[in-house]
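All chains should be built: construct the whole structure from the sequences, respecting the hints.
Residue numbers (our numbering), protein chains in the order written: chain A, 1 to 133; chain B, 1 to 410.
These aren't lab readings, by the way, just hints derived from the structure by calculation.
Positions of the beta carbon are idealized from the N, C-alpha and C atoms, including for glycine.
Hints may be right or wrong, so weigh each one.
[To be verified] Once the Cα atoms are required to be at most 27 angstroms apart in a straight line, the calculated BS3-like pairs of lysine-lysine come out as: (1) A:Lys33 <-> B:Lys368; (2) B:Lys384 <-> A:Lys65; (3) A:Lys98 <-> A:Lys71.
[Claimed, not checked] Computed list of chain A residues with no C-beta within reach of chain B, every gap over 10 angstroms: (4) Cys26; (5) Phe53; (6) Gly99; (7) Ser125.
Here is how the chains run, residue by residue.
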Amino acid sequence: MICPVCNESMIVLELNKVEIDYCTNCSGIWLDKGELALLYSVDESENDLQKLFAESSSVNEKSYKCPLCRKRMKKIQFNNSELVIDKCPDNHGLWFDKGELEKVLTLKSTASSQKILELLKDMFSYNKSQEAE
Amino acid sequence: MWELIQSNKRKSLILFFGMGALLILIGFVFGSYYNSETGGAVGVLFAILLWMILSAVSYFGGSKILLSVSGAKEVTKEIHPQLYNVVEEMKIAAGVPYFPKIYIIDDPAPNAFATGVKPENSAIAVTSGLLSTLNRYELQGVVAHEMSHIINRDILLMTFAGMMLGAIALMSEVFFRGMYFGGGSRYRSRSSSKSSSGQAQVLIMILAIVLAILGPILAQLFYFAISRKREYLADASAARLTRYPEGLASALEKIANSTHTLRTANKITAPMYIVNPLKKEGMKLADLTSTHPPISERIKILRALQQGISYKDYQKIYEMISGKKEKIIPDSALKEAIPITPLQSAFTKEKDFNPVEAKRQTGDILMKMNDYQFINCSCGVRIKVPPDYNKSIVVCPRCGRKHSINNLSS
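Written as structure tokens, this is what we have:
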């Protein structure tokens, strides 16, 4: 997979049977639709996942292209927080910029977003401790 | 089964010449459209040439082209031993001397197809989505279905037909583009200035447009009429090979219920797949052009095979469920005297199948096929590095350990 921000080849990280794509260059993260579905397995409904996102209109961030379908991704608000991330219009996945990831790591998790946040917090615990120093 | 194989070869020939004739007709009319005097002959010559080239190409490399168009990659026993074993089991069950090559298509939509000119150099292709959604018994059912296509010589027919359909589609595409850019008008105005051919010119033009529209459709109907019967027959054979019709039935159900659509499928490759990859809601309306029998009907027939799974049983249940008297199994197979009974729920259905596990495993296989490097960090994170990664060290984001990478390129 190619990073939508810096066009470098991304590495794949697997933890607890979930994979994420990670750009070592810009520290951006791609969460694939299929992986989100694994996080939110059968017992939770699709709606739970959809509830996490609301379209955000008033953002002037540069928009990126989905690494899978090359369509322009939409800016969306994550779980009603200040965090704005990119989402593929065809639902291929989510993109977290470096700064957005840091916000994710400090975010209080609600029941429905907990799984995503916990995964990211666990996966990037070293990066986080580096930031703190 | 000899009669069946023979009749398939015959149908291949009929299709071959029937579509060839259609191709020549289209060539003649399109040629005449551009130049009423000599264009017809040139068009026919061009059409025959195209037909001959495509026939040669599809005979010698048709399966390779179809595989590469679908983005399939070959897998070996080392990369995916489980899939290899399933194919081997079906090979033994069918008692055939040849071993088809196995390909994987990287696509989340579950589907599969078989291709090849001769059984000796045939291939079975499955998508990664299929591998990650089906358990072993369902996978067996699908592989048995594809194996049956190979044994029944359906693949030769399909490969040829696909190429022919492609040629006709190509010609009308070129014709329409040509018309759009007005390529023909120069010649047309010159020849229509000769007063005698004016009316004929208009006639040819109308005929050309009608053929350009109807030609590909006609060719497709040709194709579909034959491919639908093949699907029932392959289902019946698969039930016999596995002795477990429920495996294929629940595989078909999973494939039908999938929300993914196959990215690489198109009009030409669609009939090859076990389930029509271009399915849309309201497919009932398009029964005439459907490449596959309704999937619900196929599942119903398979599930109704409680008493026996011989060809005779399948034919009986088909007639009962579809309400048609149509023969889908050739006479020689119906005479089969040995009754075969299905294995009744001998297997634990979903117990030992973990969809997350299967998905991860399939993903890893695809990455191994694409030369990824796997690093197991001792903190529990697995790091998978693509071959075109441009750094020599990767830092685990969880524990901070540094791992060096053997760059293949440098």
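Report task. Hints the structure violates: just list their numbers, smallest first. Result -> Failing hint: just 7.
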